[in-house]
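Each chain, letter by letter, is given below.
There are 2 protein chains.
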Amino acid sequence: MLTVQEAFACVMNTAVDFGIEEVSITQAHGRILRETIYADRPFPPFDRVTMDGIALNFQDYENGRTDFEIQGLQAAGFQQQKLQHNGCIEIMTGAILPDNTDTVVPYEDIFRNQNTFSIIKGIQKGQNIHQQGSDVKKGEALLYPGIKITGAEIAVLATVGKTNIRVSRQPKIALVATGDELIAINEEPKLHQLRISNVYAFQSVLNEIGVEAYIHHIKDDKETLHKEFSNLFAQYDLIICSGGVSAGKFDYIPEVLKELNVATRFHKVKQRPGKPLLFAVSDKNVPFFGLPGNPVSGFMCLHRYVLPWLYQSLQMNPVPVQMQAVLTKDVKFDKPLTYFIPVNVQVTSQGSLHANPHLTNGSGDFAILTSANAFMELDEKKDEFKAGEIYPVWFYKSL
Amino acid sequence: MLTVQEAFACVMNTAVDFGIEEVSITQAHGRILRETIYADRPFPPFDRVTMDGIALNFQDYENGRTDFEIQGLQAAGFQQQKLQHNGCIEIMTGAILPDNTDTVVPYEDIFRNQNTFSIIKGIQKGQNIHQQGSDVKKGEALLYPGIKITGAEIAVLATVGKTNIRVSRQPKIALVATGDELIAINEEPKLHQLRISNVYAFQSVLNEIGVEAYIHHIKDDKETLHKEFSNLFAQYDLIICSGGVSAGKFDYIPEVLKELNVATRFHKVKQRPGKPLLFAVSDKNVPFFGLPGNPVSGFMCLHRYVLPWLYQSLQMNPVPVQMQAVLTKDVKFDKPLTYFIPVNVQVTSQGSLHANPHLTNGSGDFAILTSANAFMELDEKKDEFKAGEIYPVWFYKSL
Numbered sequence: 001m002l003t004v005q006e007a008f009a010c011v012m013n014t015a016v017d018f019g020i021e022e023v024s025i026t027q028a029h030g031r032i033l034r035e036t037i038y039a040d041r042p043f044p045p046f047d048r049v050t051m052d053g054i055a056l057n058f059q060d061y062e063n064g065r066t067d068f069e070i071q072g073l074q075a076a077g078f079q080q081q082k083l084q085h086n087g088c089i090e091i092m093t094g095a096i097l098p099d100n101t102d103t104v105v106p107y108e109d110i111f112r113n114q115n116t117f118s119i120i121k122g123i124q125k126g127q128n129i130h131q132q133g134s135d136v137k138k139g140e141a142l143l144y145p146g147i148k149i150t151g152a153e154i155a156v157l158a159t160v161g162k163t164n165i166r167v168s169r170q171p172k173i174a175l176v177a178t179g180d181e182l183i184a185i186n187e188e189p190k191l192h193q194l195r196i197s198n199v200y201a202f203q204s205v206l207n208e209i210g211v212e213a214y215i216h217h218i219k220d221d222k223e224t225l226h227k228e229f230s231n232l233f234a235q236y237d238l239i240i241c242s243g244g245v246s247a248g249k250f251d252y253i254p255e256v257l258k259e260l261n262v263a264t265r266f267h268k269v270k271q272r273p274g275k276p277l278l279f280a281v282s283d284k285n286v287p288f289f290g291l292p293g294n295p296v297s298g299f300m301c302l303h304r305y306v307l308p309w310l311y312q313s314l315q316m317n318p319v320p321v322q323m324q325a326v327l328t329k330d331v332k333f334d335k336p337l338t339y340f341i342p343v344n345v346q347v348t349s350q351g352s353l354h355a356n357p358h359l360t361n362g363s364g365d366f367a368i369l370t371s372a373n374a375f376m377e378l379d380e381k382k383d384e385f386k387a388g389e390i391y392p393v394w395f396y397k398s399l
Numbered sequence: 001m002l003t004v005q006e007a008f009a010c011v012m013n014t015a016v017d018f019g020i021e022e023v024s025i026t027q028a029h030g031r032i033l034r035e036t037i038y039a040d041r042p043f044p045p046f047d048r049v050t051m052d053g054i055a056l057n058f059q060d061y062e063n064g065r066t067d068f069e070i071q072g073l074q075a076a077g078f079q080q081q082k083l084q085h086n087g088c089i090e091i092m093t094g095a096i097l098p099d100n101t102d103t104v105v106p107y108e109d110i111f112r113n114q115n116t117f118s119i120i121k122g123i124q125k126g127q128n129i130h131q132q133g134s135d136v137k138k139g140e141a142l143l144y145p146g147i148k149i150t151g152a153e154i155a156v157l158a159t160v161g162k163t164n165i166r167v168s169r170q171p172k173i174a175l176v177a178t179g180d181e182l183i184a185i186n187e188e189p190k191l192h193q194l195r196i197s198n199v200y201a202f203q204s205v206l207n208e209i210g211v212e213a214y215i216h217h218i219k220d221d222k223e224t225l226h227k228e229f230s231n232l233f234a235q236y237d238l239i240i241c242s243g244g245v246s247a248g249k250f251d252y253i254p255e256v257l258k259e260l261n262v263a264t265r266f267h268k269v270k271q272r273p274g275k276p277l278l279f280a281v282s283d284k285n286v287p288f289f290g291l292p293g294n295p296v297s298g299f300m301c302l303h304r305y306v307l308p309w310l311y312q313s314l315q316m317n318p319v320p321v322q323m324q325a326v327l328t329k330d331v332k333f334d335k336p337l338t339y340f341i342p343v344n345v346q347v348t349s350q351g352s353l354h355a356n357p358h359l360t361n362g363s364g365d366f367a368i369l370t371s372a373n374a375f376m377e378l379d380e381k382k383d384e385f386k387a388g389e390i391y392p393v394w395f396y397k398s399l
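Residue numbers (UniProt numbering), protein chains in the order written: chain C, 1 to 399; chain F, 1 to 399.
It is worth saying that the hints were derived from the structure and are not from the lab. Treat the hints loosely; a few may be bogus.
[To be verified] Below 30 Å or equal to it, Euclidean Cα-Cα: the simulated DSS-like pairs (lysine-lysine) are: (1) F/137 - C/275; (2) C/138 - F/137; (3) C/332 - F/121; (4) C/138 - F/219.
[Unchecked claim] A few chain F residues facing chain C, derived, Cβ under 8 Å: (5) 77; (6) 151; (7) 161; (8) 193; (9) 209; (10) 210; (11) 211; (12) 293; (13) 321; (14) 324; (15) 397.
Glycine included, each C-beta is placed from N, C-alpha and C at the ideal position.
Assemble the whole structure, with the sequences as input and the hints as a guide.
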C-alpha cells in the first residue's frame, strides 16, 4: 500500500496539459494565463500630474518670481499644451505635464489673484509629477504564464490593451455517483436509501476554481458500468467517481477499469480517512480518481489529490499547496496511517494560523465539514500530536 | 476630514438588505444562505455498516460460536434483511445493518469455508457500525442564515433534500469610469490618453465574490454626468465610480450628486492612498462610492470600504474582516494619515503570516498590485513601523 507521499507523487506525475484557448478580458477572471504580458508603452506613458493646481518652470521660481500669470488650462484627456513664457498653466490630476514646465504646485499652496497665482509655501523642483516610465519601462514583462488572473492582473491586461488573452483551456470533468443506495435529491428516501450529495459538493468545489463538471449517476451493475464508463472515457478529460472502490461484493469498478484498458496506478493509500482511494489512467491518458463514498473521505481526497493534479494540469505556476499551522489540542492516532483531521484554522491576533481540531468519532460525519475549513495532515510515523506543534493544513474554505 | 475608522463606520451604518431569492442547489455555490437548514432525518438514517464483511449477533460469539453459517447478503441500497437464527449475513459498506445483528466483522478478520465464515481475530460488540443518529439527530439545525455556501454546505443541502434554497438576492452594481483621458481597451492611445482599466479590475473582484457588475464610461461633462447618473441611481443597487472626486476643475461629481439629491456622507479620508474617497447615499438609499482614479488607491478603497459594505448588505454572518500579520521590514511614514502599503503575505514554516512590504514611490504603480496580495493598514498615529510588529492586513488575493 502506498504512503500519502508516494500516492501524491504518482498522481502529480500523470499531470497533463489541457491546451490553450483565447478568451476576452471580461471572461478572463480566474483563468490561468498562458502568455507573457509586456508593457506596450512606458508607465506612466507621459509625465503625469498628480495634484490639481498649477504647473510652472522651477527656474522662474528660483529666479525669485512668486507671482505667475495664468496662461492656460491643462486637463486630463487633452493634448499637451506649452507654457510660452514666465507664468503658469492650471493643471488637473491625471493631465500630461505641459511642455516647458517641470514642477506642480497644488491649490492649497497657492493663492489666486485676478490673473495670477501667488505661491505661499516653499516648493521643490519636480514635485507632484509622476515621471514617464518611472513605474515600468516600455517592453518590460508584467505578467508571466502560469499566474491566476484576478482583479490586479485584469488592471494590467486592460492597461496594455489586451482584449483577448491566451489562457489554459478548461478541462471537461465527469463526476460519477455510484451506489444503489443513492437516490436523487428531490426524491423521498426509504430507510435504507441516501440522497446523492458528494458529487454536488465536488461540483461546487470545482466551480469555485472555475472549472465545469457534469454529474452522472450510474447503477452498481457491471454491464452498465462498463458501457457508461466507456462513454465517459471517450468524452471527458478527467473522471472523478464517488464510491464503489472499497472491497465490497458489488464494487465492480476495479474490474471494469481493467476491461476498458484503464491501468490502475494505485488502489488504497495508507491514510484515514480515504484508504480505498483508487487512481487509474486510461490508454488515452484520461485519469480516473475513484474517491471513497464516505463524504468526509471523498472531500479530503478531492482536495489532497485531485485539485493539485488539476492545478498542475492547468499549468499553474506555482501550484498552490499546503500551509503550516499550529495545532491547538493534543491528538492521538496510533494506526500506521497518515491521519487527516478536520480543523478550523483561524488567524490569531499575533498573526499565527491556529488549527482547532474537530475530534470526531471518525464516522465521516458530513456536518463536521461545515464547521471546519481545512484538513490537517498528521504523519503516519507518529502516534501523538501535541498542542503547539506545527503540521501542514489543506484548506477547503478560505480563511 | 474623517479617520479611516470613522469613514468605515459611516459606510457600514448605511448597509442595506438586498432581499431574498430562491435558487436551485446547482446555482447556490458562493451565495449567502438566508434560511436555517434542519436535518430531515437522523444521520446516519439507519445503523450503517462501515466495512465489507459479515454481520452477526454478538451473543452467539460470546456463547462460544466461531463458525457462522452464511444466510444471505445485504448490499447497500437494498431493504433491510433479517438474520433468522445463529449465523451471519454478508454485508457491504454503506448497507443497512441486518435486523437481529449488532456487530460487523471485516473480511480481513474472517476466513471463508464452504457455507460458513470462521472468525480468526477477537471482535467487540457493536464494531464497525455507524449508529443511527450518532452524527445528527432528526430536526437538528445544520446550517444557519448568513453563511457562504461552499462545497461542504452543498453536501449538507443535498443530503437533506433541499433542491431550492433561499439566498440573498444579488445586487445590481454599476461601475462608472470617468475621465476624458480614458479610452476603450481596444483603442490605440494618444500620448495623453490611458486605456480604461480600473473598472475592469473592480468587475473581476466583484465576480470573484459572485456579484455581477456593469461597466459604464461617462464623459467629464456636467450635463452628461447629471443625465447618466440620474439613470444609474434609478436602475442600480450600488454605484461605484472611478475618478472625478479630487478637487480638480472638471471634477463635477460632488456638484452633480447634490443636484440629484444624493447626500454626501463624507469626502476625503485621512489615508494614503485614497484620500479623495467620496461616499454618498441617494434619497432612495442607493449608495455611491467615488473611488480615486489612481489604480492602487481605487483598488485599496474597494477592498477596505466597498466589499465590507457589500458583505454586510448581503447579510453575511460574520462579515469577513482584516487579519493580523507580522511586518517583515521597517516602514516609515510620518504623515498624519493611515498608510495602506501593498504587502506580499506568506505563511511561514512556523505557521505565521509574514507581510513583506512593497516600498514603492507611492505613485500608484498598478503593476505592484500583481506582486503583492494584501494591503497592510498602518495607523495614522505612528510614524515608524518596525519589522516584527503586527498590523492588520486586507487581502485582495488568496494566500
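How the hints compare with the structure:
Annotation: proposed proximity of residue 137 of chain F to residue 275 of chain C holds, straight-line Cα distance about 28 Å (limit 30 Å). Of the supplied pair hints, the one linking residue 138 of chain C and residue 137 of chain F is violated, its CA atoms being roughly 65 Å apart against a limit of 30 Å. Taking the CA atoms of residue 332 of chain C and residue 121 of chain F, the gap is near 24 Å; set against the 30 Å cutoff, the hint holds. Between residue 138 of chain C and residue 219 of chain F, the direct Cα distance comes to roughly 28 Å. Compliance with the 30 Å bound is thereby established for this hinted pair.
Checking residue 77 of chain F against chain C: minimum C-beta separation of about 3 Å stays under 8 Å; hint holds. The beta carbon of residue 151 of chain F is positioned within 8 Å of a beta carbon in chain C (closest approach about 4 Å), and the interface hint is therefore held. With its C-beta approaching chain C no nearer than about 6 Å, residue 161 of chain F sits inside the 8 Å limit, and its interface hint holds. Checking residue 193 of chain F against chain C: minimum C-beta separation of about 7 Å stays under 8 Å; hint holds.
Because the closest C-beta pair between residue 209 of chain F and chain C is about 11 Å apart, greater than 8 Å, the hint is violated. For residue 210 of chain F, the shortest C-beta to C-beta distance to chain C is roughly 10 Å, which exceeds 8 Å, and the interface hint is violated. For residue 211 of chain F, the interface hint is violated, the least distance from its beta-carbon to any beta-carbon of chain C being 12 Å, above 8 Å. Interface hint at residue 293 of chain F: satisfied, since its Cβ lies 6 Å from the closest Cβ of chain C, which is below the 8 Å cut-off.
Below 8 Å, beta-carbon pairs count as interface contacts, and residue 321 of chain F has none with chain C, the closest being about 10 Å; its hint is therefore violated. Of the supplied interface hints, the one on residue 324 of chain F holds, with its beta-carbon coming within about 4 Å of a beta-carbon of chain C, less than 8 Å. Below 8 Å, beta-carbon pairs count as interface contacts, and residue 397 of chain F has one with chain C at about 5 Å; its hint therefore holds.
When the structure is compared with the earlier hints, violations turn up for hints 2, 9, 10, 11, 13 and for no others.
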